[in-house]
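Enquirer: Each chain, written out:
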Amino acid sequence: MDKIVKMTALVAPMDRANVDTDAIIPKQFLKSIKRTGFGPNLFDEWRYEDVGQPDSDNSNRPLRKDFVLNQPRYQGAKILLARENFGCGSSREHAPWALKDYGFDVVIAPSFADIFFNNCFKNGIMPLVLEESVVDSLFQEVFAQEGYQLTVDLETQQIVTPSGKVIPFEIDAFRRHCLLNGLDDIALTLAHQEDIKAYEAKRKLEAPWLFTHA
Amino acid sequence: MSAKTLYDKLWDAHLVREEEDGTALIYIDRQLLHEVTSPQAFEGLRLAGRKPWRTDTNLATPDHNVPTTDLTGGVASIKDPVSRIQVETLGMNAREFGITEFAMGDIRQGIVHVVGPEEGATLPGMTVVCGDSHTATHGALGALAHGIGTSEVEHVLATQCLIQKKMKNMLIRVDGQLQKGVTPKDVVLAIIGKIGTAGGNGHAIEFGGQVFRDMSIEGRLTVCNMAIEAGARVGLVAVDEKTVEYVQGRPYAPKGDEWDMAVTAWMDLKSDDGAHFDKVVELDGSKIEPQVSWGTSPEMVSDVNGIVPDPARESDAVKAAGIQRALDYMGLQANTPIKNIPAEFVFIGSCTNSRIEDFRAAAQVLKGRKIADSVELALAVPGSGLVKQQAEAEGLDKIFMDAGFEWRNPGCSMCLAMNADKLPAGKHCASTSNRNFEGRQGAGGRTHLVSPEMAAAAAVAGHFVDVRDYL
Ligand code: SF4
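So the sequence lines, in the order shown, correspond to chains E and P.
Going by numbering that gives the first Met the number 0, the first sequence wraps up at 213, each residue one higher than the last.
Going by numbering that gives the first Met the number 0, the second sequence wraps up at 470, each residue one higher than the last.
No lab work stands behind these hints: they were computed from the structure.
Owing to the predicted nature of the structure, the values given are computational and were not obtained by experimental measurement.
Think about it this way: if two alpha-carbon atoms lie no more than 20 Å apart in a straight line, the pair counts; the simulated SDA-like pairs of lysine to any residue are:
(1) E:Lys203 with P:Arg16
(2) E:Lys196 with P:Asp55
(3) P:Lys164 with E:Phe173
(4) P:Lys318 with E:Pro109
(5) P:Lys8 with P:Asp272
(6) P:Lys421 with E:Asp49
(7) E:Lys203 with P:Ala12
(8) E:Lys33 with P:Ala47
(9) E:Lys201 with P:Trp52
(10) P:Lys369 with P:Met400
(11) E:Lys201 with P:Met260
(12) P:Lys164 with E:Ala172
(13) E:Lys64 with P:Arg324
(14) E:Lys203 with P:Arg53
(15) P:Lys318 with P:Gly330
(16) E:Lys203 with P:Ala252
(17) E:Lys196 with P:Thr22
(18) E:Lys201 with P:Lys8
(19) P:Lys421 with E:Gln52
(20) E:Lys33 with P:Arg49
(21) P:Lys165 with E:Asp194
(22) P:Lys426 with E:Val50
(23) P:Lys318 with E:Arg15
(24) P:Lys165 with E:Ile170
(25) P:Lys50 with E:Glu193
(26) E:Lys196 with P:Arg49
(27) E:Lys196 with P:Asp11
(28) E:Lys2 with E:Phe168
Label-pair distances were calculated between CB atoms; the ranges are:
(29) P:Gln178 with E:Gln156: 45 to 55 Å
(30) P:Asp309 with E:Gln70: 25 to 35 Å
(31) E:Asn69 with P:Asp272: 53 to 63 Å
(32) E:Lys2 with P:Glu393: 53 to 63 Å
(33) E:Val165 with P:Lys286: 48 to 58 Å
(34) E:Arg72 with P:Lys193: 34 to 44 Å
(35) P:Leu470 with E:His176: 51 to 61 Å
(36) E:Gln70 with P:Gln363: 53 to 63 Å
(37) E:Gly123 with P:Ala75: 37 to 47 Å
Beta carbons: idealized from backbone N, C-alpha and C, even for Gly.
If we strip away everything but chain E, and leave its shape as in the complex, we get (with noise of 0.2 Å):
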């Protein structure tokens, strides 16, 4: 996985409450068996006038002008910047890989569904939580002005507006430390393998009939 350790990055803005992983990602699209790909059906039936399919050409679609990933002062965002609740709804990786696809490598929101923001780290996402007012005078400003960008620091866990402005955020350490080395989940539990070993011939004796019947 790509380390994610510091960044300077044009911020686009989704001003909806609850977006779901259907909207992130219809689910024709859910059909395909690899991670990649994602990226030109992120928010497909907002982006769109028509309905995409999966083996849809892309570039000939009609677009939605007022759709804001369709504006040309968002083109090439890297940062998200959402509203409450963003990601609910599925489990489905799909949603991340998606945005991770289109080019978002943060997502800013005064709060997430749990699994999506789970999700999200183990995509190289960085998924950050704001307070509610920051988070709004973070939407006024990206408005009021074209090619806003911000610089995320997950050093030092802070984040940097164009006035120069600190926006201090809490991250979990150990997403942290896997998010700024790049680490893979399975490589760092195998690790363990003898605590998992030493758990089964406990746990074998406890309750034998998960482990005969199984």
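Starting from the known structure of chain E, arrange chain P with the ligand on it as the hints suggest.
Expert: Coordinates of chain P with the ligand only, in the frame set by chain E:
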């Protein structure tokens, strides 16, 4: 020792190790696999040259993409090539890695969350995972069940463990007695209406109180299924005699001495008196009315005798905008009586309401009646081959077909319309599924979440009605 909640007990029993910051490895007893969220996980194993830690804890069945019409051609009967590849890939992966699969054509095939409990493959006291957010369903048996993402599916395959931080404890207590015609689905919709779709975020919800003690296991499965719609990854109901009776004799349930040993252990799977909950919500069960969702989020629900809300009466601007957007999408005017909303399509199925009791209850309403002429399509889709077989043995299929329903083969079907069963744009559907998001049942489709009884009554009337007038 201090008093523990059911969640605390299940957590402690599965803790392999815990870091100082609370990040823990918990051991997983059962993983259910389906075709949509597993291919990338198997691919990951293959690329890294890893093998499953244990094969016997995994059980696979295709459900999301399977057609509900003619299955005689097996996998080849799936017309959409992309869907077919997903289902074929599941079969290939199961064979390559030595995992049991209930494939298309096997009577045991069905929706993972119906199949697990039905087979006794998910048991009280187990930790259960599946790459599907409705995994909370299995908590109805007193199991700790988490919906996970594909990276986690791969992680559990490779290590038998899940990296998890302990959640907070939340108790939703519903006491009193439900009115006739009020079902587990109405109870859970009323709960979500009260606490909102983020009400349970960060919490494991235990459903307690008279209403859940009186409820059948299938009813509890319906309730826990929708814990995720309240934001909670985990829903739980304490084990009691009903749970034990339900599990006994199922194919994967323990036998002989191990059965006795298991039952003794399971009877402790309840919260201790005085256990601490971080959040407690109480509802009066006797006041719950049949529910109908009117909007595009499961929290947008109303009593059947209520009206569609008016954004002008909402003081919070973000909320008012949300209501307005939902009304626009649903093609509804503020203040419309719920009973005036048409039901042009009807769908009885999904992992929420596709078990035998659901079809029995809907059949009671449909018996001797016909669906309204204005209903374009009414689908009955059993949750598994075994549910279908049982329903047919009881003659329920005839009641549905006589009323004008189509009686289909098992699968997720129009719950999310990944197969050919799609709700057309602009049409209103009385659906027993769990999500009414925009486009969920088909692009532009308008979903109204209801119980099986309410869906059946709406089919007969052609619009939403109070099922109590039909009992
Ligand atoms: S029935 Fe619907 S909610 Fe349940 S597993 Fe299938 S698609 Fe998901």
